[in-house]
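Participant: For chain U, the structure is supplied; the task is to place chain D on it using the hints.
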Amino acid sequence: MLSQQKEKEIALVANRIRETIIEMLVAAGSGHTAGPLGMADIFAAFYFDILKHDPHNPVWAERDRLMLSNGHIVPVRYAAMAHAGYFPIEECLTLRKFGSRLQGHPERLRLPGLETTSGPLGSGLSQAAGYAYAARMDSQTFRTYCVMSDGEQDAGNTWEAAMFAGNNKLANLTAVIDRNNIQINGMTEDIMPLENLRAKYEAFNWHVLEVDGHNIRAVVDAVDEAKAIFEKPTVIIAHTIPGKGIKEIEFDYRWHGSPPGKGPTDKIPADKQSSVFLQELRTLQGTITSEHE
Amino acid sequence: MFVVTAHTRENVLLSPAGDRLATRDGFGRALLELGEKNKQVIVLCADLAESTRVLAFKEKFPERYVEMGVAEQNLAAVAAGMANYGKIPFITSYAAFSPGRNNEQIRTTISLNNVPVKIAGMHAGVSVGPDGATHQALEDLALMRVQPNMAVISPCDAEEAYKATLAAANHPGPVYLRFGREKTPQITTPESTFELGKMQLVWVGESPQVALFATGPLLHNALLAAKQLEGEMSVSVTNVHTIKPLDAKAIVAAAQSAGAVVTIEEHQVAGGLGSAVAEVLAATYPVPMEFVGVHDQFGQSGEMVELIEHYKMGVQHIVDAVRAVQKRKNI
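One line per chain: the protein sequences are U and D, in this order.
When we follow this note's numbering, the leftmost residue of the first sequence carries the number 1, and every step to the right adds one.
When we follow this note's numbering, the leftmost residue of the second sequence carries the number 1, and every step to the right adds one.
If you are wondering where the hints come from, they were derived from the structure by calculation, not from laboratory data.
Hints may be right or wrong, so weigh each one.
[Said to hold, decoys possible] As a list, the in silico SDA-like pairs of lysine to any residue whose alpha-carbon atoms are at most 25 Å apart:
1. K244/D x D296/D
2. K227/U x K272/U
3. K272/U x L93/U
4. K227/D x P190/D
5. K169/U x E67/D
6. K97/U x N149/D
7. K183/D x K39/D
8. K39/D x N168/U
9. K244/D x K227/D
10. K227/U x G86/D
11. K169/U x G205/D
12. K39/D x Q140/U
The following block holds chain U by itself, in its conformation from the complex (with noise of 0.2 Å):
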């Protein structure tokens, strides 16, 4: 059971988190925004809470496993798991550039503690059932997490990997999807319908919870629901806002691979983009103002 505090403490990391990934976005000059704020409470909640893990040993053979199927959105990834003491924050700064461990997509082998690598979607469910079924034949008791995005719902991969996890009942893994209905075409139900979501999973004999992706409690529970589920693979399709914490840009699918200071102009100049979208973060889109006047 999550106490108050505890949410408190891991809903003000994910604000950290966003803040850093502003910072690693801005150094970089390229990457995704969107996708990666609206991720922050809930790999937050993984970093800080749900995952058996320690970070000064990421190789721990019985750590939970958490696959990101999604690569584009690693910057939150690696923000997290700076903030939770796997490097040092400094180094985010070296985000997609040359001889840096944290590549635009990740890479399993640059960096300890990834588990896999990832980027083109579609393949990460595959891989997250794959290891949740090798882990089961050895009777072993750590979980295997999936995060994936709702664009990749598009791919015949995912489908194959659900049907594949339902079938052979991979309780032992759990699945999130990002329901943040854009992708960088557009809205997702504009590109290519994936409603009905929750059928479709349950169809393919999937246990389906859906959450307020910015409700750390809730996102804990499902995962705690999930774990009390022994006949199916579960998936939490965690409904979460693109972009969340910067008013300007949250549910504008143009911020999808747009960094600050490249993104579309007609709120906030290019040249403020990255000052504005850090002073919103540090004061909470405008509610804190004492500390930083």
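Facilitator: Same frame as chain U, but now just chain D:
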């Protein structure tokens, strides 16, 4: 005078029909042995258990056999997850589908991820016959050899396929293994050595004038061509069972000694063995080369022998290529 080396059977040039075996059968035999020896070995099959020769493994080790259905993308990426965990998965389908259909999954989740998945591509080449072009993989060696970390093996007969499969299981990284459907001549013996990355001289005449490099069952046609050329021209024939890592040193040595090269493969000339050999020789010791293989065409329905002839990979085509390359050398 020529010498058939210790790697080859005594009656290799006769190849009685009753003595033939498909390379896929050597794979199936090795899997059964691996099942006993190594508990980490598992087999994933995309709805082709009988024809990919994993049925016996399935029956003997059902708990280590995983049915994937007709889903080759998932086949590759699930195996990547299993290998990442610590298993040694063999994935089986037809080469046209794996690595044909699932090339990106292999690239990202197996090769870049550098996990020890063993990809067994069956029914390679036009020799699968009546199924036609859709099922005749002629580009699989090219697809696999351009991926860093991936080893690529194309055995010449069932005995070598057996040894190659055992070697693949012991290799620390990902491996692509190429197999054929049809029964083909037995060339090597149980005593022949097999070392991944080390090619084998199987025929050497006195002061060879042309070096033949062959991969897969077409090695037998290369031997028959060498026999036919006896008295006219002395050649060497080498079995290049490992396309990657290529035994570059031995290739250069053979090219230096002969001064001309012919490559023989049941594959597109673009990107396969011939290309791999040419890359090495162009950079180190350029000599005239001829390429026996499929020249930018798809296959079609037919019987193995007629297709091999139609696509100019028969014994006479190899003989012609040897004569042609010899002429170019003398210019």
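Participant: Hint by hint, note whether the structure agrees.
Facilitator: Hints versus structure:
no.	hint	result
1	K244/D x D296/D	22 Å, holds
2	K227/U x K272/U	45 Å, violated
3	K272/U x L93/U	19 Å, holds
4	K227/D x P190/D	23 Å, holds
5	K169/U x E67/D	14 Å, holds
6	K97/U x N149/D	24 Å, holds
7	K183/D x K39/D	30 Å, violated
8	K39/D x N168/U	21 Å, holds
9	K244/D x K227/D	28 Å, violated
10	K227/U x G86/D	24 Å, holds
11	K169/U x G205/D	61 Å, violated
12	K39/D x Q140/U	16 Å, holds
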